[in-house]
Amino acid sequence: MSIIHDSGANLLRLINEILDLSKVEAGKMELVREPLRVADFARRMERNFRHMADEKGLAFTIDVAPDAPPVIVTDDGKLEQITNNLLGNAFKFTASGSVTVAFTACADLAGGGLAIEVTDSGIGIPPHKLDAIFEAFEQVDASTRRQYGGTGLGLAISRRLAMLLGGDVTVRSTEGAGSTFRLILPVAADAEGQAAAREASAPKPRTAVPAAPPIAGTPERPAYTARTQPFLADDRSLIASGDKVVLIVEDDAAFCRSLMGIVRRKGYRVVAAGDGETGLAFARTYNPTGILLDVMLPGMDGWQVIEALKKDPATRHIPVHFVSALEEAPRAREAGAVGFLTKPVSQADLNGAMERLMHFAADRRRQVLVVDDDPTARFSVRKLVASASIEIHEAESAEDALAFLGQHEVDCIVLDLGLPGMSGFQFVEELAARGSIVPVVIYSARDLTPEESLRLRAYTDSIVIKGARSPERLLDEVSLFLHSVRHAPDAIPAEPDGDLAGRRLLLVDDDMRNIFALSKVLRGKGINVILASDGTKALAQLADHPDTEIVLMDIMMPVMDGYEAMGEIRKNPAFAKLPIIALTAKAMTGDREKCIAAGASDYLSKPIDVPKLLSMIRVWLARS
Amino acid sequence: MTGEGAEDIEAIEVDLFVEALRRRYGYDFREYNRASLTRRIRNLVTTFGAGTIGQLTDTLLHDAARLPEAISGLSVPVSEFFRDPASFACLRRDVFPALVSYPQVNIWQAGCARGEEVYSLAILLTEAGLYDRTRIYATDISPDSLARAAAGIFPARDLRDAVERYRSAGGTHSLSDYYHSRYEFSKIDTQLMRNITFAEHNLVTDGVFCEAHLILCRNVLIYFTNPLQNRAIGMFADSLVRTGFLCLGARENLEFSPARERFQIVNAATQLYRLKPSY
Ligand SMILES: C[S@@+](CC[C@H](N)C(=O)[O-])C[C@H]1O[C@@H](n2cnc3c(N)ncnc32)[C@H](O)[C@@H]1O
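Chains as they are written, first to last, in our numbering: chain A, 1 to 624; chain B, 1 to 279.
Only chain B is shown next, with the shape it has when bound in the complex (with noise of 0.2 angstroms):
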């Protein structure tokens, strides 16, 4: 058999397997970057000791139980604190002040994985004094991420990794303030997930269901085909209050969103961008 009928073969069996959650769940990765989700199906092949692609489809179609796993497993939560030190700095300086002049403020995060960078979010937040206004919604599609999320533990060496980051993003305080550490694990402080609201949103199903004055989305739409790219930012584009703020990942833009022109560019190098008040 040519290498190319074997390629043949995996793209059908892909195919019929984003069609089974589809159809049988409603998830659609559909209009995913075909590569990358590709590679992930093809972990969960070996995670669930599936033979083939084909075999998984069949478990997942009967076992509606093995289903968050296999979300999770497509879902790359990888994250860190205070990621792209740059851009929080960037929404401490630019987008806090403005922030000051409503009476509360609504912060979107979509994709928020495993909550490393809503916890960064909320303790750069708490000092500036912000956070006692502030609701903040992250929002995963993996419910095994968002459980991760909630219950705020992480492996204590993540956080002891992030104090460089935590200085350049413009952390006034000392990191170890936020948690406190048992064994290897280290635990996110109450104080900081009091205004925090988890829930799961599926940015390619899902609608409008907050009115954001920030919304964080970083990392999520390299995943995404083009029109898909598109639905989440006009979504954005909705749910954010005149002259809101959209913040994407450092390896994304709007260049190409027909949403472009709706927004103005605060800081290219961080993709901070504003919704255009529209008159």
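Extracted from the complex, chain A is given alone in its bound form (with noise of 0.2 angstroms):
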């Protein structure tokens, strides 16, 4: 195919496309699939448009990087299409500078994907026009229509065959400094065309296609069977690769109806199932992004639905949220649900709902934040974490970073502690306060003193030393946090508590995990908790803070144990009365006994059970 030059051709040109986009949208397109090798595929990409870097002098690079799939299942001519299209483009709105092609695995697909960003330093796109710009007959303005000629069909076409194909276009602009287009693509339409794909990708060992999950209801209650019928006329046979998916199971047509407009609303396919068999059913059938579950169903019930999805490894990961006439938040909590909402609800709800759903959402591009002064500094974080289905974000100071997380929600922060202004310390405590649960993973390029880290701990139990072997751990430590679906029940806040707020704690233990678990714990009742690593330590606090109401004591400790520490507190007649809870792993006959005579008030045994700790507290502080 060669690229048409001459603007004598526009017209027919614009005739040309419009037909084609006529076509795309009247499902009329024919595709040929076949397997493609990205290799050939990029050289032939070089020579179709090198002559025109050279004739703009602008640089032009294409660059496969080694985690691409070397083959896809695609329709060449197609794919050409939209590629000339990007890149045309790219040179038409680039007066100089350079235009980079990249191809990179996209983790954003299922079954896997390619991504090929097409980044020029162009005129760029204006943030108010990016979302118009895949419309027909869009661009700019009028004025750089004429500057640059075209018709404005371009990118509405080619967004519509990546769809076809199963992928998508996006766009990243900044104005005045260029503009990357983004390309996603399935390895493979579908299952077979990914085996297709896998074998001509050779000489990779074949590995099998796992069967097809059952798609019935589950086999334990065989008289409720899923059904095949639509329970209401839904988006499943609209569903393309690449297409994000929400499934809702509610029995009530007339709600379940006002929901899937929400969803449709949001740019999602939605899925609706009456019944929590159906439900169970296309949850494995068509793994979706997200799923809205009633409580009280036909047959197996919402929690029976929620417990069988936890249980597979196969939907284990998706999200749900209920919505139900009771209020259960508590028990949809444990059950592993992001959110509850209670009948009636607001659209309001309803879009919070949505954005939790989201935000939880497996194939959601992760967002870390890197908080550093130093600028190659953040580059060489940005080029280790960086991937496709991770966005980075960078702040200079703690107080840029606050003013982002005020407006973005991130899944981790990269923190160096030797920041201008606000330090990371003060950032990490203000985070704190603001509630934050964001996971926060620090990278210092000093050393800490052991009063530090223990500062930092309260915190945090991520702490990087920068070194040789450090960005092999910080990787480790993102990567944690980025793909851990646990933190999702920690995001419910802990509720301060009237009797215990305000309280004066000493926590003194030499097990940094302790003091990270169980400060967190204490702090969110509301309790003042200051901490000290080790028996000295706890009489110097005590010192500097005679007000202190109750103490923890950890008895295996270095330099002076709890043993020790408790004698010599009870030394002093002023902390004669003071309540001294000994913290214990040691479980043999006679331990209790120890603590006591060493002047424990009471114990209790590692590994802690904190609700039987607060209420030994509350207890103590009753009575004192």
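None of these hints come from the bench; they were simulated from the model.
Each hint should be verified, as a subset may be incorrect.
[Unchecked claim] Pairs of lysine-lysine, DSBU-like flavour, derived with a Cα cap of 35 angstroms:
id, chain 1, residue 1, chain 2, residue 2
1, B, K187, A, K594
2, A, K310, A, K266
3, A, K310, B, K187
[Unchecked claim] With the Cβ distance kept under 8 angstroms, some of the chain B side facing chain A (calculated, not the full set):
id, residue
4, G26
5, Q55
6, A98
7, G207
8, F209
9, C210
10, N253
11, F256
12, S257
Each residue gets a CB set at the ideal place from its N, CA and C atoms; glycine is no exception.
From these two lone chains plus the hints, build me the complex, please.
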């Protein structure tokens, strides 16, 4: 295929394009899917556009990342039509600088995908126009159209074609600095094609295509089987690979219909089920991005559905939001739901529910905020962590980071400690004070004193000191947070407790994990917690804070152990009645007596049972 | 009386002895390897000057002061400096560089006996420039052994004999930099002792007490039956930080432990494992 340069051909092109667009929209476009070697395609692209780059004096590079799928199954002709359009635009709107193309793996698509990013250093697109450029007949404005020519249909067609191929086209742009158009395509649009793609990308050992999961209801309840007739007219026949699907399980047809409307307006495909068995089967078949689930359903109820979903490795990751007539939020949380709405619900409630679903969706791009005043350091973290499924934001001060966090949700923060203005220490404390639950990974250029790491460890257990082997660990820590589905239940903030709020407690433990976990719980109850990591430091803390009301004392500690520390505390008449609860990992006969003899008021064995600890604290605070 | 009958009586006595220690003092030897436990109880009978295991049991039931001596007799505190040097070399090479990224490093050495191993470790950590930020918890079931370990005094021969092993473990200084000898004894330099916490901890009954980046438990699990080994290994896995290291003795491994899948092998020859990050 050749590129049309001649502006005299404009009219013909417009007519062709209108025909194309209407064909795509009528679903009449025929696809010929065949295995395509990505490297070959990249070479062809280079051939097609090299002369144009040379003509305009632009740098032109094409990069195929090692992780890019070697082969995809797609319609070669349609793909080329899309990339020609994207590259044509890039060259058209760039007067100086460069055009680059990057082929990478794309984790956003089920079954694997290829991303082709076309980046230019051209005029860019103003933010308010970003949404519109994919509409037919839109271009930035009339004057650019005159300057650069074009029908304005190209992007609309490209996007439609990409969707037809099971992918999509998206754009990021900074006005005046350039644009990046990102085309994503599945390795193959279906399982058969995926196998073909795998086979074509020899010499990897072949893996068996996993057997399809059962589609009927759970075997334990044969009496009630899933229905195959649609419960309501939903979008299941329209789903193309790459579409995001939300599953609604709700037996009230009228309510279900209004939920469907909202979900569709947000740009998702909807699949609806009127009972639990069908819902469960659909979750397995359609692998939705999120599920809205009613509790009271005919047959299996919502609790049973979520339990089955969480048990099955194939569906465990799908976030579930309850919408129910009865208020049972705690139970929902325990079952692993990301949220709970009680009917009747407002539009705003539902928007919130959708946001939560999408925030926890497994295929969402994870957001990482890197806070460091040194641009080179930020850059190296970006290089280390960046991937197709991770978006990185940067802040050069704690103040900037806080401002950013006020506007955006992030999944993880990578924090340097030595910042201008507010320090990293103050930053984590401020985050905690704001009730933030975003995990923080400290990436420090210098060693920390034991006091400093103690101070930090109340807020995070991920501290990485920069050094030769540190990047590896930083990556481990960050990916742990990004891929953990476990942090969902944490998202529900602890409630300050009336009777414990404002009480002053000294926590003495050398086990940092315990310090981290306990201080979080205790501070969540509104308790003022001060910390010490061994007996000597505990005595110093008490000297500084003589108004301390209760002490939690670990026994096995370096420097001065808990027995000795309690003995020392009791020597001071002012602390003769201070309640001290000993926390100990030792469970032998006589260990309890030893603690009491050493001066403990009470005793609790590790691992700590938190409710028990809290009631013990209440009892001792009430007595004194 | 037949030999078989005699064995039966001894088995009964061992059962009663074990039961007595457990109910009277909380020391639980039920899940120890019976054959070697029986051998050590027989030795105790001799050192206590008791005629039978039954009489030994009687003494211990009524005289709590003699308990530490008995525990120490049961606990086989044999060790040596830089025992299995390949294992230490492997720590130096594969583990220490990874520890550098932590602001504070905790090492738990379970079953430290009289301290030979923990001082060997402290020497290598010093040479790697890591010792300042390291805290070592050296634990054992035997208060006697712990007291000896904390004193840091050894027969001078023990250290002289260790020079070769210190070299093959990758030691870079002179071993004599780390102790002073007087007469036939050597005292470990106090600088080496400063970051070590010795504490009683029983792998049978006690729980997790610290967050460890590295756990050494060498030549202890061999005395345990499977269920007890599994308990200990589960506790190690719970104590370790994500991707923390576990080093076992040359004759021990994780193969049959249910916690096996929580670990990956770093070096099979030296039984070095690493906790998998769990997500
Ligand atoms: C043979 S030594 C091993 C010494 C050293 N780790 C080495 O490899 O050279 C075994 C040690 O395990 C200790 N031990 C036995 N049972 C134990 C238990 N239940 N908890 C803690 N330590 C125990 C013994 O007291 C003894 O000191």
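A quick look at each hint next to the structure:
Of the supplied pair hints, the one linking B:K187 and A:K594 holds, its CA atoms being roughly 32 angstroms apart against a limit of 35 angstroms. Pair hint A:K310 plus A:K266 holds up; C-alpha atoms about 26 angstroms apart against a cutoff of 35 angstroms. Taking the CA atoms of A:K310 and B:K187, the gap is near 59 angstroms; set against the 35 angstroms cutoff, the hint is violated. Hint status for B:G26: holds, given a least beta-carbon distance of 3 angstroms to chain A, under 8 angstroms.
With 8 angstroms as the threshold, the beta carbon of B:Q55 stays out of range of chain A, its nearest partner Cβ sitting at about 23 angstroms, so the hint is violated. Restraint check, B:A98 versus chain A: the minimum CB separation of about 5 angstroms is within 8 angstroms; hint holds. For B:G207, the shortest C-beta to C-beta distance to chain A is roughly 4 angstroms, which falls under 8 angstroms, so the interface hint holds. Because the beta carbon of B:F209 sits about 4 angstroms from the nearest beta carbon in chain A, less than 8 angstroms, this interface hint is met.
The beta carbon of B:C210 comes within 5 angstroms of a beta carbon in chain A, closer than 8 angstroms, and the hint placing it at the interface holds. Residue-level restraint check for B:N253 is violated (minimum Cβ-Cβ distance to chain A is 25 angstroms; threshold 8 angstroms). With a cut of 8 angstroms, the hint placing B:F256 at the interface with chain A is violated, because the nearest CB-to-CB distance is about 26 angstroms. The restraint placing B:S257 at the interface with chain A is violated, with a minimum CB-CB distance near 20 angstroms, outside the 8 angstroms limit.
In summary, the numbered hints that this structure violates are 3, 5, 10, 11, 12.
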